[in-house]
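Trainee: Each chain is listed here by its residues.
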Amino acid sequence: MAVQTTRKLTMAKAIAEAIAQEMERDPRVFVMGEDIGVYGGIFSATDGLLEKFGPERVIDTPISETGFIGAALGAAAEGMRPIAEIMFIDFAGVCLDQIYNHIAKNTYFSAGNVNVPLVLMAAAGGGYNDAGQHSQCLWGLFAHLPGLKVVVPSTPYDAKGLMISAIRDNNPVLYIFHKGLMGLGWMTLIKDTTGPVPEEPYTIPLGKADVKREGTDVTVVSVAMGVYHALEAARELEKEGIQVEVLDLRTLVPLDREAIINSVKKTHRLLVVDEDYLSYGMTGEVAATVAEHALEYLDAPIKRLAVPDVPIPFSRPLEQFVLPDAPKIVAAVKELLNS
Amino acid sequence: MNVPKSTLVQMYRDMVTIRVYEETMAQVYLEGKQPVFNIAAGPVPGEMHLAAGQEPVAVGVCAHLRKDDAVVGTHRPHHFAIAKGVDLKKMTAEIFGKVTGLGRGKGGHMHLFDPEVHFSCSGIVGACIPQAAGMALAFKMRKEPRVAVAFFGEGAANQGAFHEGLNLAALWKLPVVFVVEDNGYAISVPKHKSTAIATNADRAAAYGIPGVYVGENDALAVYEAAGEAIARARRGEGPTLIEVKTYRYFGHFQGDPEVYRPKDEVARLREDDPIQKLKNHMLQSGLFTEAEIAGLEAEAKQRVEEAFAFARASAYPDPSEALMHVFVD
Numbered sequence: 398m399a400v401q402t403t404r405k406l407t408m409a410k411a412i413a414e415a416i417a418q419e420m421e422r423d424p425r426v427f428v429m430g431e432d433i434g435v436y437g438g439i440f441s442a443t444d445g446l447l448e449k450f451g452p453e454r455v456i457d458t459p460i461s462e463t464g465f466i467g468a469a470l471g472a473a474a475e476g477m478r479p480i481a482e483i484m485f486i487d488f489a490g491v492c493l494d495q496i497y498n499h500i501a502k503n504t505y506f507s508a509g510n511v512n513v514p515l516v517l518m519a520a521a522g523g524g525y526n527d528a529g530q531h532s533q534c535l536w537g538l539f540a541h542l543p544g545l546k547v548v549v550p551s552t553p554y555d556a557k558g559l560m561i562s563a564i565r566d567n568n569p570v571l572y573i574f575h576k577g578l579m580g581l582g583w584m585t586l587i588k589d590t591t592g593p594v595p596e597e598p599y600t601i602p603l604g605k606a607d608v609k610r611e612g613t614d615v616t617v618v619s620v621a622m623g624v625y626h627a628l629e630a631a632r633e634l635e636k637e638g639i640q641v642e643v644l645d646l647r648t649l650v651p652l653d654r655e656a657i658i659n660s661v662k663k664t665h666r667l668l669v670v671d672e673d674y675l676s677y678g679m680t681g682e683v684a685a686t687v688a689e690h691a692l693e694y695l696d697a698p699i700k701r702l703a704v705p706d707v708p709i710p711f712s713r714p715l716e717q718f719v720l721p722d723a724p725k726i727v728a729a730v731k732e733l734l735n736s
Numbered sequence: 029m030n031v032p033k034s035t036l037v038q039m040y041r042d043m044v045t046i047r048v049y050e051e052t053m054a055q056v057y058l059e060g061k062q063p064v065f066n067i068a069a070g071p072v073p074g075e076m077h078l079a080a081g082q083e084p085v086a087v088g089v090c091a092h093l094r095k096d097d098a099v100v101g102t103h104r105p106h107h108f109a110i111a112k113g114v115d116l117k118k119m120t121a122e123i124f125g126k127v128t129g130l131g132r133g134k135g136g137h138m139h140l141f142d143p144e145v146h147f148s149c150s151g152i153v154g155a156c157i158p159q160a161a162g163m164a165l166a167f168k169m170r171k172e173p174r175v176a177v178a179f180f181g182e183g184a185a186n187q188g189a190f191h192e193g194l195n196l197a198a199l200w201k202l203p204v205v206f207v208v209e210d211n212g213y214a215i216s217v218p219k220h221k222s223t224a225i226a227t228n229a230d231r232a233a234a235y236g237i238p239g240v241y242v243g244e245n246d247a248l249a250v251y252e253a254a255g256e257a258i259a260r261a262r263r264g265e266g267p268t269l270i271e272v273k274t275y276r277y278f279g280h281f282q283g284d285p286e287v288y289r290p291k292d293e294v295a296r297l298r299e300d301d302p303i304q305k306l307k308n309h310m311l312q313s314g315l316f317t318e319a320e321i322a323g324l325e326a327e328a329k330q331r332v333e334e335a336f337a338f339a340r341a342s343a344y345p346d347p348s349e350a351l352m353h354v355f356v357d
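Chains A and B, in that order, give the protein sequences. Numbered according to my numbering, the first sequence spans residues 398 to 736. Numbered according to my numbering, the second sequence spans residues 29 to 357.
Treat the hints as calculated values from the structure; they're not laboratory data. Just so you know, not all the hints are guaranteed correct.
Stated by the list, open to error - Here are the computed lysine to any residue pairs in the SDA-like style, where the Cα-Cα straight-line distance is at most 25 angstroms: (1) B:Lys171 - A:Glu611; (2) B:Lys33 - B:Leu58; (3) B:Lys171 - A:Val491; (4) B:Lys171 - A:Ala685; (5) B:Lys95 - A:Gly476; (6) B:Lys201 - A:Glu611; (7) B:Lys171 - A:Lys605; (8) B:Lys171 - A:Lys725; (9) A:Lys449 - B:Glu293; (10) B:Lys171 - A:Ala688; (11) B:Lys221 - B:Lys201; (12) A:Lys662 - A:Leu734; (13) B:Lys201 - B:Glu256; (14) A:Lys663 - A:Pro705; (15) A:Lys605 - B:Pro63; (16) A:Lys725 - A:Pro602; (17) B:Lys171 - A:Glu419; (18) B:Lys33 - B:Lys171; (19) B:Lys201 - A:Lys663; (20) B:Lys171 - A:Arg454; (21) B:Lys117 - B:Lys221; (22) A:Lys405 - A:Arg425; (23) A:Lys605 - B:Lys305; (24) B:Lys95 - A:Leu734.
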C-alpha cells in the first residue's frame, strides 16, 4: 500500500494518536484501564493522553478487570464509547464472563436494540521470555466467540486506521497489538516496525486483508508478528527465485475470505503462519476456507506453522523452538514447493 | 413516613401485576410439560425463575426511579422489569420466543433488554453489578442527574464481581445503588452456608459506603430505604448498598423439587404476604376505598391477560433470523 507521508511513527505512537484524534472528535470516547494514565500504558498505547484529556477521560483503574470491563459495557450501553485496556490479553481470563457472555451477546439478545460500541485493547505475543501467562496471542479464541470483532494490526499505518475504525464501530471490537511490534525501547526492536503514518485521521475498514508483498509461487497468510517473519522469509526466498505473496489479514473478524481465496488462486500454494496455538485456531480457519472454496486450485497440501499446542515456555531455546520465525517459514515454503 | 397516594397506587398496582404475572406464568409454563416434565416443551420452553413473594424489593426501589434511570437485573428478572415499566406485551412475547418480543425471541426470560426504559438483565450471577457501575459512570461523566440500580441475590454477594463493582463505585463516587435481594437461598444453599457474615449490608463498610439492612419483606420499608439511597446517588454523594430480606414463593426454577427447605415454609411465608400488608396500610390510611383497590387489582389482571394473549397470538421468528443481529451496522 502506498502511504503518502514521510512522517514515521512507532505502532505505540500511532495507536495513541488515533485515540487522541477520536477523543478530540467525539466527547463520548474515553479510555480506562490499568496504568493507562500517568504511566501511559505498559506498552505505551495511551502515552500522552492523560496530559491532553485529563483524568476524567483517561481513567486509571484498579487491578479489577471484571469491575472495569463490566463498567465499560455499562458505559457503552448508556451512550459512551469506551476504550478499555486489559494490558495483557492473557488477563482476559479473569473477566471473560463480561466479555463473552455480555459484551459479545447483548446486541444479539436485544435483536440489535442495544449497541455496545466499545474497544477492548490488549497486548499479545511472546519472544521475550515472559512465559505462558504473559505471552499468549489468544486472538483465535476471541475470534471463535460470536459477537466480537477482532483486529490484529501489523504496521503503524494499519494500527492507526484500524483503531479509528474500531472506535467508530457500533459493535464491540477487540483490538490486539503485538508487544514486539510497538517500537518499545525495552524490547528487541524490529527494524521496520517504525513506519509512515499520516497525521490526519483516516480509517481502514475492518474485514479488509492487505497484500503486504506480491508473489506468484506461494501465499503466506498471517497477522501481526507473523507478517514480519513472512516478509523476512520472502526476502530470503527471493534470492533463490521464489516469489512469496504475503497476505496480512489485519482483522480475524470479519475475515476477508475473498482475499485469501484470490491469493491462493494465483499462487496455488498456501502456508498459514500464526503465533497463536495451532489447533482449532486461525490457521485451521484459513485452511478450511481454502479447502471449501479453492481446493481445486491447490498444487500442494496446505501447510500450517503455529505454536504446537503447548503453553509458551520460559527458557530462551524452548520459546524460540515453539514460536514461528523466518527460518521456519523458509523451510515450510521449500517443503511446499517440493511436495 | 408520608408516601404520596400516587406512589401507593403505583406500588400496589405493580405488586399485583407481578404476582398475577408470575402465577400466570407458572401455569402457562406447565402447558405441554405434563404428565412428563420436559423443559423444552410447551409454549414457554427453557428455564423459568419466578419472583412471586419478592415484589417489595422491585417496587420499593423502582418507585423512586425515573424512566431514564437504569436498572440491571438478574436471571429472575420479571418483577424488576415490571416495576421499571418494561413493555409487558413485548416482554411476554420474548419469554414465549416470539418475533414481537423485546429481542425478537433471541434472549428469552433471562435476557430482557428494553432500552426505552433503560432495563437489562443477565443470567450470570453478579454480572449486573459492575455493569450498573459503568452506567452510573456514563451519567456522571456527562453530568446527568441519573441513577443506576443493580439488583442481585444474596448469592451474588459472594461473587468477585460484587466486590470489584462496589470498590469501583465507591472509589469513583458513582450514582449507583446496589440492592441485594436476600431470598434465603442461593439456588438450594441457605445463606448461612454460603456467606461468612449474617448481613451483606455490613460489607458496605469495607468500601466506606452506607449499608442499609431492611429486615422485613415490606414495600414501604424498602421504599423508605431506597428513597434515601437514590436521593444520595442523585446528589452526587455516591453509592449505597441495601439488603432486603425477602421471600421466594416458588422454587429456584419451575420444576425445582425444593428438597432443601421444609415443606411448610412457603405456606408460613405466605401468611405474611407483602401485598396484603400494603393493602392493609392503604385501607388504614383512609386514602383508599376497597373498591378503588379492587379496581387496581382488576387493572393489573387485565394487563397481564392482554400481555399473555399478545404473546400467544404472535408469530415465531423466521428461522433465518437466527443469523441476524450478531452485529449492528
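Trainee: Taking the earlier hints as the rules, which of them does this structure contradict?
Mentor: Numbers 1, 2, 3, 4, 6, 7, 8, 9, 10, 11, 14, 15, 16, 18, 19, 21, 22, 23 and 24 - these are the hints that the structure violates, sorted from lowest upward.
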